[in-house]
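Colleague: Okay, here's what each chain looks like letter by letter:
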Amino acid sequence: MAKKIHVTSTINGEPIEFLCDARQSLLEVLRDTLDFTGAKEGCNNGNCGACTVLLDGLPVDSCLVLGVEVEGAKITTIEGIAREAHLHPIQQCFLEDAALQCGICTPGFIMSTKALLDSNPNPSEHEIRFQLSGNLCRCTGYDKIIRAVQDSAKALSAGVERGGTKATQPDGRRAAKKQPQAR
Amino acid sequence: MASSTGDNKKYKVIGTRPIRHDGADKVTGRAIYGSDVRLNGAVHGKILRSPHAHAQIKSIDTSAAEKLPGVCAVATGADFPDLKDKIANLGEGAVNLAHLSANVLAHRKVLYKGHAVAAVAATNPHVAEEALKLIKVEYEPLESVTWVLDAMRAGAPLLHDNVVTNSMGKKADKPSNVPTHIHFEMGKVDEAFAKADIVIEREYKTASVHQGYIEPHVATALWNEDGHLTLWTSTQGSFTARQQTAELLQIPISRVTVVPCEIGGGFGGKIAVYLEHVAAMLSRKCGRPVKMTMNRDEVFEGTGPTPGSFVRVKLGATKTGQLVAGEAYLAYDAGAFPGGMIGPGCMCVFSCYEIPNARVDGYDVLANKPKTQAYRAPGATQAAFACESMMDELAEKLGIDPIELRLRNAAKEGTRRVDGPTYPRVGFIETLQAAKASEHWKSPLKGPHRGRGIASGYWFNIGLKSSAAGNVNPDGTVSLIEGSTDIGGTRTSVAMQLAETLGIAAEEVMPRVADTDGVGYTDVTGGSRVTFATGLAAYEVGLDIRRQMTERAALVFKCDPAAVECVDGMYKANGKSLTFRELAGKLGQTGGPVVGRAAVDPEGPSNGFGTHIVDVEVDPETAKVTILRYTVIQDAGRAIHPSYVEGQMQGGAVQGIGWALNEEYVFDDQGRMQNPNYLDYRMPTALDVPMIETIIVEVPNPAHPYGVRGVGETPIVAPPAAIAAAIYKATGVRARELPISPPRLWAAMAAKKP
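Chain order of the listed sequences is H and D.
Heads up, the first sequence is in our numbering, so the first residue is 1102 and it goes up one at a time.
Heads up, the second sequence is in our numbering, so the first residue is 171 and it goes up one at a time.
Hints are not guaranteed to be accurate.
[Unchecked claim] Only pairs whose alpha carbons sit at most 20 Å apart, straight line, appear in this in silico SDA-like list of lysine to any residue:
no., chain 1, residue 1, chain 2, residue 2
1, H, Lys1105, D, Glu574
2, D, Lys899, D, Glu574
3, H, Lys1105, D, Arg716
4, H, Lys1105, D, Lys344
5, H, Lys1104, D, Lys794
6, H, Lys1105, D, Pro239
7, H, Lys1104, D, Pro295
8, D, Lys635, D, Asp771
9, D, Lys742, D, Asp771
10, D, Lys794, H, Leu1165
11, H, Lys1104, D, Asp771
12, H, Lys1104, D, Leu238
13, H, Lys1255, D, Met861
14, H, Lys1104, D, Met861
15, H, Lys1104, D, Glu574
16, H, Lys1105, D, Met861
17, D, Lys279, D, Val307
Quick caveat, the hints were computed from the structure, so don't treat them as lab data.
Note that the structure is predicted; figures quoted are calculated from it, not measured.
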């Protein structure tokens, strides 16, 4: 068996080294080697977008990227956008707008939304639908997801106005409302 | 836009929109779905599947696979008990265990491309896949059949040599691809047709479609050294999964624990087991936990789908639009094993209307496809596409508005359905009235190649069994233990009913879905039953807690329990009062913990009706249909959490849009599915649909303390007929075959041109 390959990259701001087989996808590495299980596998061929992560700021289907390709790259996963007990405004809007039912597609949608709003803070409904058309949701019919993205855009831009920085929190997060715990 | 109607009865929790209890876990990626389960020493299982749609298995040689380094265990059908025909009741529907066993791992014969033949466990999934290639299976291919009418013809290839037609209890004497013939009849059908002013008869076809949940099937099994089997799985019903697995392995249910993980969609397709007992057998063979995950093509080719169908309907009416007679012939494919969705199809075909004279014949038909499974209102959409399309045609022929025609014939309290039951209070007329009054219906639709359609749909709410328990915490919160796996926010809709009953906030109830050792028996999440039946259990848990809290309050107040009054969560007597929280803080001094419990099995299913309005535009060059506007009107009885009720209505409608316009299993001439991936199967994306407007009608269900009707399934029923009606207005073409895909519609439009 061929030797594993050593890869160095940055994941959610932290430098990370890992070993992987040449044939392993980034999704496999994230989930099975590094325990970032927030990215989900729905199809393993780039059709559903449930495994979306940001690679140097751009949304990618991590099932279509090889682990060895991320040498030197910066990766952001769903685990990396909420910190210090605060949800990211996009996560908060998805909750308040009931934009998820089963939730399996949600991490991918949130990452695609983040990529969209990072590059286009005030997208039209059509632009949102176009940018999210690589993420499949079978439960919601998309209505509440689109509204959550619209509300996220408003929340993020309101943060700019109020705080003078990008949002209420330095990194674009706002305080979560009371979160009941469920198991 | 969302709006609702309803009475003025005020609730504190019901009707509000709290954030779901499992929300934070699901937006941060922390929620544990089946594939996120991690066990020390786990190995990975994969399944070898048939390349043929129909073949005898002559031999299976696994010796080369067993020798591959990294392979831990190999299993074939020969490793499992040979089950005789035995019918097991799985809550929502029954199953013949011999058929279930042969479906999840073929015995002697493969009956569809993708039928499981053998399984391997290895140290990683890639090695397991390599090992599958080393298994030598010798097949003798047989002629196959996938279209339902072809399968019914004399001389069609027979799938099973021991299946004969059972026609209302009478068994035929020779094997057939038609296991069941259903017949319902009431009134004097032939006389009524003879007297009718107008009679129309049409034929409709629908393709097989898949439930399409984004999470593939996954299961992890640990067969421990003490003989106890634990399964972590993605299932709509943990108790059903336990029963099926125990039966397939012929071990007592007490030796199986099913831990339901978060579930990434089901829609009916995650009730039957596929992987659980195979993972268990591999685990027993290698002594390690075994995790099995399907690829997307395995999901399409090995699980689901819902039946392809042929439906012929005849309707007779008076000049004034009174339906006098109906006749329906329905043939649904069951896939490779008997027991498809024909029963509910027959019950639902005329379920929206009062038709005094009606006759229905239904046929369950074997075909070389995966065994069909329930898909959201199973069997109703195919039947409604036929009957509702004909109502639209009848309205046109009689010159009556399509809503008015439906109002004149709408099922109401006292209407007898053709299969026997008489409706209690139902809300169909109210949905039609709300449709008529809606801004959508009243606003004109302008522009060329555009049309507006309307259709209605019906589905049952089954009751079935649910258990729940509530533990009162010293801080005044309640931990709610329930057994219904939460696919779309039911933790919250159930918890809200307990909160309402106790007079506390939704956030003060903490719901948890327990495993099969942690809660009483609970049937599947299906049949639009959870918010209704498990909600009823939560209500009764609340009553039980209230009764005990009243006794504790009496001890504190030093009075008779009968003197204690409980209002909005306040316990009062003798001019003294305690809040629920204050009283909860005194449990330690008044006799110890308070645990409320309930087990329910509500009798008498309820009934859900909906009406949909759609505007379309059809591209005259390509025949691509664009949905311009869509409104769903539905009777929810009482909307506990309106956001999630709307979500069900919107999600069901969009699944129906996909069924109407794009989705289908495409087979080649050898019966092999040609499009087993999302790109080619083509479910709706965000770009394919507009916002889905909702109008919640509330006609309380008399069989539930808060009036709840299930809402999950009804919304998928009406869309194909509504869209077909809109396309007719836009193009003049009456589409009678699903999907109304661009090539099919283009050909029909071209044929119409002079």
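Colleague: Check whether the Cα positions of Lys1105 (chain H) and Lys344 (chain D) lie no farther apart than 20 Å.
Modeller: 61 Å, violated
Colleague: Is it true that the CA of Lys1105 (chain H) sits at most 20 Å from the CA of Glu574 (chain D)?
Modeller: Cα-Cα ~71 Å, so violated.
Colleague: Decide if the proposed pair is consistent with the structure: Lys794 (chain D) and Leu1165 (chain H), CA atoms, cutoff 20 Å inclusive.
Modeller: Measuring from Cα to Cα gives roughly 30 Å; hence the hint is violated.
Colleague: Is Lys1255 (chain H) close enough to Met861 (chain D), meaning Cα to Cα at most 20 Å?
Modeller: Holds, at about 19 Å.
Colleague: Please work out if Lys1105 (chain H) and Pro239 (chain D) have their alpha carbons no farther apart than 20 Å.
Modeller: 17 Å, holds
Colleague: Below or equal to 20 Å on CA atoms is what counts here, so check Lys1105 (chain H) against Arg716 (chain D).
Modeller: 62 Å, violated
Colleague: Can you confirm whether the C-alpha distance between Lys742 (chain D) and Asp771 (chain D) stays at or below 20 Å?
Modeller: It is violated: about 33 Å lies between the C-alpha atoms, which goes past 20 Å.
Colleague: Can you confirm whether the C-alpha distance between Lys1104 (chain H) and Lys794 (chain D) stays at or below 20 Å?
Modeller: Answer violated: Lys1104 (chain H) to Lys794 (chain D) is near 51 Å, above 20 Å.
Colleague: For a C-alpha distance cap of 20 Å, please report whether Lys1104 (chain H) and Asp771 (chain D) respect it.
Modeller: The hint is violated at about 59 Å.
Colleague: If you draw a straight line from the CA of Lys279 (chain D) to the CA of Val307 (chain D), is it 20 Å or shorter?
Modeller: Given that 20 Å is the threshold and the Cα spacing comes to 12 Å, the pair holds.
Colleague: When you check the alpha-carbon spacing of Lys1104 (chain H) and Met861 (chain D), does it fall within 20 Å?
Modeller: 51 Å, violated
Colleague: With the threshold set at 20 Å, check whether the alpha-carbon distance from Lys635 (chain D) to Asp771 (chain D) stays at or below it.
Modeller: Status holds; Cα separation ~4 Å.
Hint check: violations occur at hints 1, 3, 4, 5, 9, 10, 11, 14, 15, 16; the rest are consistent with the structure.
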